[in-house]
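> Residue-level listing of the chains:
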Amino acid sequence: MKKKKTHRKPFVLVLREIMEPYEGGPESSKLSLVVDLFVLVCILASCALIPLEHVYPHHEELFWKMELIFTSIFIVEYLCRWYAAQSRLRYPFTFYAVIDLVAILPTILMLSNELLMLRMIRGIRLLRLLRLLRLLRLLKFLRYGFLIYHGVVQFRIWFSAANYQYRLKELGRLFVWVGVAWIIGSNLLYVTESALVDKGPFQEYWKSYWHILIVLISGIEDKEPLSLLGRIEVTVMLIAGICIVGMLTGEIVAILVKKAQRVGKVAIMPPEGKLERHFVILGQNAHLDAVIKEIHAATHGKNYILLVSPEAEDVMVTDKKVYQRVFALSGDPVRVEVLDQAQLTKAVRVVVLASEDESAKTPAHMVDDRTLMETIAVVCGHRIPMVVELRDPDSFGDVRALQDCGIEFILSKRYGEILISQAARNPGVTEIYDRLMTFSDDTNEFYTIGVPPELVGQHYRSAQLYFLEMDDEDITLVGVDRSPPERPHTEFLVNPDVEQCQVSEEELVLSETDRLIVLAFERPSLIEVNQEDLWSGKILQRS
Amino acid sequence: MEWKDPPAELENHVVICNCSEQVRRIVGELHAAAVLDKPDVVLLVQDVALWRQNPEWHPQRHNGYTQDHFFVLVREGGPANQESLLAASIRTARAAIILADPRQGDLADARSTLVAMALEQQNPDVHTVMELISSVNREHLRATEVNEVVCVGEIAERLIAQSCITPGVKNIFESVLVNRPGTNNIYIMKLPKALAGTSYREVVRRAIMAKAPFQFIGFIQNSFLPPQPTGTKAMTRCSADAGLGIKSHQDFVLNPRSGENPGRDTELTEVDQLVLIAYERVKLDQYLIPAEP
Chain A
1 MKKKKTHRKP FVLVLREIME PYEGGPESSK LSLVVDLFVL VCILASCALI
51 PLEHVYPHHE ELFWKMELIF TSIFIVEYLC RWYAAQSRLR YPFTFYAVID
101 LVAILPTILM LSNELLMLRM IRGIRLLRLL RLLRLLRLLK FLRYGFLIYH
151 GVVQFRIWFS AANYQYRLKE LGRLFVWVGV AWIIGSNLLY VTESALVDKG
201 PFQEYWKSYW HILIVLISGI EDKEPLSLLG RIEVTVMLIA GICIVGMLTG
251 EIVAILVKKA QRVGKVAIMP PEGKLERHFV ILGQNAHLDA VIKEIHAATH
301 GKNYILLVSP EAEDVMVTDK KVYQRVFALS GDPVRVEVLD QAQLTKAVRV
351 VVLASEDESA KTPAHMVDDR TLMETIAVVC GHRIPMVVEL RDPDSFGDVR
401 ALQDCGIEFI LSKRYGEILI SQAARNPGVT EIYDRLMTFS DDTNEFYTIG
451 VPPELVGQHY RSAQLYFLEM DDEDITLVGV DRSPPERPHT EFLVNPDVEQ
501 CQVSEEELVL SETDRLIVLA FERPSLIEVN QEDLWSGKIL QRS
Chain B
1 MEWKDPPAEL ENHVVICNCS EQVRRIVGEL HAAAVLDKPD VVLLVQDVAL
51 WRQNPEWHPQ RHNGYTQDHF FVLVREGGPA NQESLLAASI RTARAAIILA
101 DPRQGDLADA RSTLVAMALE QQNPDVHTVM ELISSVNREH LRATEVNEVV
151 CVGEIAERLI AQSCITPGVK NIFESVLVNR PGTNNIYIMK LPKALAGTSY
201 REVVRRAIMA KAPFQFIGFI QNSFLPPQPT GTKAMTRCSA DAGLGIKSHQ
251 DFVLNPRSGE NPGRDTELTE VDQLVLIAYE RVKLDQYLIP AEP
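In the order they appear, the protein sequences are chains A and B. 1 is the number of the first residue of the first sequence in the working numbering; add one for each residue after it. 1 is the number of the first residue of the second sequence in the working numbering; add one for each residue after it.
The reader is advised that the hints may include incorrect statements.
[Said to hold, decoys possible] No more than 25 Å apart at the CA atoms, straight line, and that leaves these computed lysine to any residue pairs for SDA-like:
1) Lys413(A) to Gln60(B)
2) Lys413(A) to Ile133(B)
3) Lys211(B) to Lys30(A)
4) Lys321(A) to Gln60(B)
5) Lys413(A) to Lys190(B)
6) Lys190(B) to Pro427(A)
7) Lys211(B) to Ile217(A)
8) Lys211(B) to Val451(A)
9) Lys293(A) to Pro167(B)
10) Lys413(A) to Gly153(B)
11) Lys413(A) to Arg52(B)
12) Lys169(A) to Ile217(A)
13) Lys413(A) to Trp57(B)
14) Lys211(B) to Ser504(A)
15) Lys413(A) to Ile186(B)
16) Lys283(B) to Ser462(A)
17) Lys413(A) to Pro39(B)
18) Lys283(B) to Gln502(A)
19) Lys211(B) to Leu510(A)
20) Lys283(B) to Arg461(A)
21) Lys193(B) to Ala401(A)
22) Lys30(A) to Arg257(B)
23) Lys211(B) to Lys293(A)
24) Lys190(B) to Arg461(A)
25) Lys413(A) to Gln46(B)
26) Lys293(A) to Lys190(B)
27) Lys321(A) to Ser134(B)
28) Lys211(B) to Ser462(A)
29) Lys211(B) to Glu491(A)
30) Lys413(A) to Arg25(B)
31) Lys413(A) to Arg257(B)
32) Lys211(B) to Glu507(A)
33) Lys413(A) to Thr183(B)
34) Lys293(A) to Ser134(B)
35) Lys321(A) to Gly153(B)
36) Lys413(A) to Lys283(B)
37) Lys30(A) to Gly259(B)
38) Lys413(A) to Ser20(B)
39) Lys283(B) to Asn426(A)
It is worth saying that the hints were derived from the structure and are not from the lab. These numbers were taken from a predicted model, which means no experiment stands behind them.
If we strip away everything but chain B, and leave its shape as in the complex, we get (with noise of 0.2 Å):
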């Protein structure tokens, strides 16, 4: 049975290009039991016959969410055509994942990135996700617009180091990755504007008084430079913003220290924010800011 095309009016999908093993488990995950907001995925193949002769990269057809909104388009350009993108309503996803071309073997890195550039054109606010083969490439990716890098080998070799010095630890990371219903998540999320000026530990400390079913760990400084004319590029991207500027520097501030800045006693800004292990997506307003009597 042939997977559907996806319909012309797509909105806050995912888009993955190329097709390889990595398939079967990224749908998966985006469409376990556990995910609330599973989005509908779109894949761009352009090696059709190599699509067809691994059936085993295929998305499991038993998930019957999965059967409705996975969508594989094929067209013969490649991901990095213009055409292809706009096909699978690029405008309006949400993320797109580009996967290494396993046609490329070692060299993948650099097609993937073209893909990437592509992709920026399209939609400047879509978020990049880019699988990387070679972990040397990483600094060259920096110049480019590709949100979030990740070389797979990178992660299995953190792990066995982790595992070797720590034995077990690698289940509690597994906790906090996979998908699966009881299980925690890592999110980032905004900072409720009621609570600009509080002290992070004010923010945790509140948490911990309402019950929350979620822990922070930690917080991301966001800093913006000015506001660009409109219609520059510039300004498209930090459209998401609302027109606070271009994010230029994020400082990531994991289990903050005492005494320092950023640390536990940072007041928090409106646009900074939060890192928490949750179960699910929730909304911190619910549960930081007290409801008036």
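Chain A on its own, in the form it takes in the complex (with noise of 0.2 Å):
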């Protein structure tokens, strides 16, 4: 048996990783991630040590010596990036490389022996101006943009499920409420000991802290005081303590309570909880579970997922780790007001599954058309990419205007059929098929890419013996889209041949606006992703 080799990536791949913000993919090293947080850190250290050059003058060496430390650091860095750029050659002139060297330039002009003469002779405010220049490596945050975003919008979602789940404002509530008897009683009891008799547990001022704390939590009178004032007070003291102990000890059993009637169940959003480039899943039938799982892979669990439906609440889950970030919003989807609560317009995806009532049997014409209500109901607020399941053939000739919307309906059983057909006639295929629609980081997807420069002008078939000559990247060219940016995938060639496709030899030569289909393991980093697009949702960040 052949012995299977180890995939060796070239070292300016692997530093090319590494150097890159972190995405979380298959392929994405986690010493990205350690290097961006370490070249965070040092940004924030080096642009702290300004303002501590002022407050502290007398340790302008040592603050000296630390700036030269993280100057060297982001030198090392600004000449990895370089070494590591696809096209060394134009990198000094991206966007990014002007900020890096900007970052490191008041320092060095600062070393310059030129300038050393010019701080002897008139060099102190132009030291000063340097000094301030160094504040410019904060744009060097602008790399991470996307990361700090993403990171800020996750710990956002997850406090806030936090707090819903443990009812953090209930407590919080409560613990301030505690803290405010707590400090009145103290004082109180202190005033009046220390007003109305000579001596007593009460008339140390901090040690008073102390007992109506006993007092408050556990109830116990634990030094009394000696005035008739001092034990009313005490004696109200108790009361409260009790009240809040019940309290507390009320909230505690609804926690639990609440937690142990969801073991197993998907997590209820939480009403104040703001989500951010979620999936949006509208009703529910048999093909929720899969279609989790195969986001969930696709996406590397990296967004949440909402499911809107009226049993959403009931939904289980059947694997932890895949439903950690799903949340359940119970409510009709064709009211507003639910899909207000999904906050639609941050989501980035929409897909609407066909309602089945399974034991009713619905006929598949009224399934569709509570679907298409979902549908119509979504498409009325907003433009979101939308993937929506029809289970009746005659369904799909009235879908055509919602279609022109950019909408994608898919017949479940359709494919299906063709498929069988396919197998009977070419077998094997089925497995091909399986590994083309599965999400997994050993199987490939189709992903459409800029044409790279250099083939702009080239034959399609040029284009294909660059990819299979490339072993950087692992690519195999499948055709070329040419639809309006609008609409992917609605105008393409696959396989573009001459005679079949009756095109000219002419029409096969790439152009800068044309895109490329390929079969890919992960998203080519050949061509950049585009930085709008990635905001914006239109490309979701995988791999």
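Assemble the dimeric complex from its two separately framed chains, guided by the hints.
Okay, here's the thing in structure tokens:
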């Protein structure tokens, strides 16, 4: 049996991967995340030096040494990026490279001999200016903008979910009341006892805090006051303490009961939770679990998924890891207030599943009527990429207007039937389709990328050879997409052939506006991802 | 008008076991204008009343080819019955499609598996394609001789997810799935013997240089167990493989990686197969092997 060789990436590719902002995809290295965090800390720390130099001028030498260390780090970072760049000739003129250079230039200028002379003559003002210019390295954050934004969004959603699940708001309010009662009680007892009696346990200011705390939390009268007024005050505190402990116990029990009731079920969407860049699935049927798993596999669980249907809260978790970022929102997806709660304006994709009532055996066309109503409800207020599942082939003819809006319709049974007939004619093809349609780290998917500059003006066949001979990335070219940007994959040629496609050889010459349809294990890094597309969610951050 | 009974001698045809709403589209695809090697189709029906009550399941009659090459065989015993299968000339069939019996509802997978086993007993060389209702049963079918299992719902689930992540990609899948003039299909073809020992990269290079009307997207590495004594079930099974033995393992390598084995530079053997996108079934030799002067 042949021994499987291990795939070893060239150093330059590994370095490029490390220097790129971490994306969490299958090929993203954890080292990339470490480098990102290290650079971010260095940027913050080096910028913090500037005000510190003003506040502690006597430590100027230490700060200067630290500044030199940070600058050295940034120089190494700059050189690594240059070395790993796809085009070393063009790299210094790219936007981020200019920022990187600006980040190190002020310190280098301060170091130069010529400026040292200037410094002696009239350099104080210039030196100050250069120091301030070091603040420009804050611009380096721009490179990590998406990473930081994504992190903030994820944290905010996680916090709102924890807040809802553990009733943090209620608990917080309770602790505020305990704190207020504690401070007031301690001060009151101290003042009362100090004024009315000569000696007692509440005459020391900080000790009275301790005594009152015990009264409030445990309900035990630790040290009794000597004055009548003091005893009345402690009695009030004791009653308040019993109430507070009761409320605290109640809150904890409520949390535990709520948790026990939802064991094995999808987490409920927090009413005040602010979702962003999430997937919305309207309706539910037997496909729901598989669709969630596929989306999770495709996005590596980066995006939250929100299920909206009348029975969403009863959906069971089949895989804890997959369902970690799935929320349920109970409600009729046709209702505007429910759709508002689903925060569709912030969603990246919407899936409408044919809501089938299995027990009622609803006819296919009636299922589709409901599905289409849900689709229309979404389309009315939002323009989000949508995929809609239909059951009845006859419904397909009626949705032309919606298709023109960019909505995709999938007739659930149709493709299965076609595949059955294909399998009868071409044995083995089901496995091929299975691999092409499944999201995993070891399978290929179709990607559409821009034409690399070196292929503009080249024939399609030259592009095929280019990808065949390219060893840096594993890409197979399968076609050309010439669709308008707003309607991708509507006008394309797979395996373009002069005779079969009735095109001339000239028409197979690639232009800048063309897009290439390729098979790849992950999004090819050959063409840089358009940041605007990434931020808008048009391209999902997969890998 | 009734459909014809199958003739006694049929060869290289497709047998469909059980009637359901899928029949219409499947026959439509098999007899599509774009298909060059249209097979005869025999539908094995157990419940004739069900078939007659649902004319919308019947293939389209306006397709003249279907009119002459689609046959309905009514047998009470059901498709798992040996006699029914013999009447459908299963021994000379190219492929058998086992559809889920709609009368069995969600529990049809058990019956379909029994039919598959009966088919394999009659003709181990027939390519069996089974429609699965519940994908959880897929694992159980690994122990049987069913060649391909299609869970209709699964395809939809995957396409929904694919379209969700990459809007429009459904159209690419559709273009290679559907049989329409001018569209591609995925084919799996044997490597021409003359190319044994050539690397995958070289094979693809030759196709590109020859302006071939197809594109390779990968290959399948087949491993074989040693040949068994003749007359055994195992040997019958591998008869199509010209005495090489039993196909024990298949490694699907799509978009082969560079620097890996199996990968782009892997030398293909004569038992390996190529995966290609093409408008129709083509003769690879014509494009890949230079003509002798």
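> Of the numbered hints stated earlier in the document, which are not met by this structure?
3, 4, 5, 7, 21, 23, 26, 31, 36
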